[in-house]
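Student: Just so you know, the sequences run in chain order A and B.
Sequential numbering of the first sequence, starting at 1, is according to this note's numbering.
Sequential numbering of the second sequence, starting at 1, is according to this note's numbering.
No wet-lab data here; the hints were simulated from the structure.
All residues carry an ideal CB built from backbone N, CA and C; glycine is no exception.
Just to be clear, a hint being listed does not mean it is correct.
[Unchecked claim] Pair by pair, the computed Cβ-Cβ distance ranges are:
#1 Glu-20(A) - Leu-32(B): 33 to 39 Å
#2 Pro-7(A) - Met-1(B): 27 to 33 Å
#3 Ala-63(B) - Arg-164(A): 53 to 59 Å
#4 Val-91(B) - Arg-40(A): 21 to 27 Å
#5 Arg-87(B) - Glu-21(A): 26 to 32 Å
#6 Arg-21(B) - Arg-164(A): 25 to 31 Å
#7 Ser-11(B) - Pro-7(A): 20 to 26 Å
#8 Arg-93(A) - Arg-184(B): 49 to 55 Å
#9 Val-203(B) - Arg-70(A): 33 to 39 Å
#10 Ala-128(A) - Ala-41(B): 20 to 26 Å
#11 Arg-21(B) - Arg-93(A): 33 to 39 Å
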Amino acid sequence: MSEAPSPLAAWMSAAQAGDEESYRSLLEAVQPLVYGYLRRRLSSEAAAEDVLQEVLLTVHRVRHTYDPDRPFEPWLFAIARSRLIDHLRRLRRISALEVLTDTLPEPAAASPGGGEPGMLDLLERLPASQREAFSLLKLEGLSTQEAAERAGVSVSALKVRAHRAYKALRKALAGEGSGD
Amino acid sequence: MTEARRRLVASLVEGLHPVRRVRLGRVFLALLAVELGALLAGVAVAGMRADLGDRLAEARFVALAGGLAIAAFGGAWAALRSSIPGREPPVAALAFLFLLPVAAGVAAASFLPWGGRWEGAAALVGSCWPCIANTALVAVGPWVVAVFLVARMAPLRPMRTALVAGVSAFAVGALATELHCGARDGYHLAIGHYLPVAVLAAVAALGVAGALRLSTRAGKRS
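Next up, chain A with everything else stripped away, as it sits in the complex (with noise of 0.2 Å):
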């Protein structure tokens, strides 16, 4: 007995002349398919949560590169991959940074006077919009489409004020290094 093709691609089909309700049946489809390909590779439920969105806004973005004739799966997947590696390197180039934040206390301690500024002057000294954004992220650890929510922002601004706020501390901490 053979399998029932996979509604998936005659969704997208559909999605792709229009149809509303075929495309809110593919997206719900899909997403513990890519929720369980991304918790696989990512550790944090946080951050698979995040990819996913991503990986839906891409879908929605290229629906039109689809095309039925051939299988949804490899699609989505290529898909989700390439968002999944996109997000790997955002991690590997704020990696460096967090190495910065994590010994900051060291010299701090090690001040005879004991007059330098610790991680939250200096994220005092940051503009409100983005300490918040910081704060929101990496230190209530929210997602960025929550803290986005949470601040009344775009996903998009949230992610330019909390590289601005990394920028700015990153500048800071390195002035602070150099022992001026």
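Starting from the known structure of chain A, arrange chain B on it as the hints suggest.
Tutor: What follows is chain B alone, placed relative to chain A:
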């Protein structure tokens, strides 16, 4: 499903509208037409080499020019397939297309099939410059069209896609130069005709890969 995800799905469904599906075969034919048009126009404007009939009877000329043709038209197909998720050509195939003009250049300079003499880098670059400029000029149209077409799709590996699209466009330019320039010096062929394909493709890819990356990440599509 988390609340954030539920809201995202709702907004995506709400923003759904019909899209025109990419027909890879048709897009390829369109790009092929542009490349052939640029090739013919390039040869028509610059002029055809006088000894083309004789050269076409030589297997080594056909092999070298054929390598450029494979890089040009195979590159177009590979660039377009690289822009469809799940249909990316193997890395080895992309590397082959990129290295084909390099190999042709090395072969021309190493075996000097029609002779040649090294007269210094400055003299060589000076004599090759018009051919490099001709290659770049002929390639501009196909390059712009190729980038436009792949940006309309989903190049998930933008650097690779841009590189192979560049190989395709600049190989068209090099082919036009090959059909125009009657030089038979192996060094001239290498530096003026073949190697610029890879160099120009790499430079152009560096310039445009970022924009291609954005094409799948930002903005709404029709």
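Student: Now look at each hint and say whether the structure bears it out.
Tutor: The hints, checked one at a time:
| no. | hint | verdict |
| --- | --- | --- |
| 1 | Glu-20(A) - Leu-32(B): 33 to 39 Å | holds (37 Å) |
| 2 | Pro-7(A) - Met-1(B): 27 to 33 Å | violated (19 Å) |
| 3 | Ala-63(B) - Arg-164(A): 53 to 59 Å | holds (55 Å) |
| 4 | Val-91(B) - Arg-40(A): 21 to 27 Å | holds (24 Å) |
| 5 | Arg-87(B) - Glu-21(A): 26 to 32 Å | holds (28 Å) |
| 6 | Arg-21(B) - Arg-164(A): 25 to 31 Å | violated (40 Å) |
| 7 | Ser-11(B) - Pro-7(A): 20 to 26 Å | holds (23 Å) |
| 8 | Arg-93(A) - Arg-184(B): 49 to 55 Å | holds (51 Å) |
| 9 | Val-203(B) - Arg-70(A): 33 to 39 Å | holds (35 Å) |
| 10 | Ala-128(A) - Ala-41(B): 20 to 26 Å | violated (58 Å) |
| 11 | Arg-21(B) - Arg-93(A): 33 to 39 Å | holds (36 Å) |
Violated hints, in rising order: 2, 6, 10; the structure is consistent with all others.
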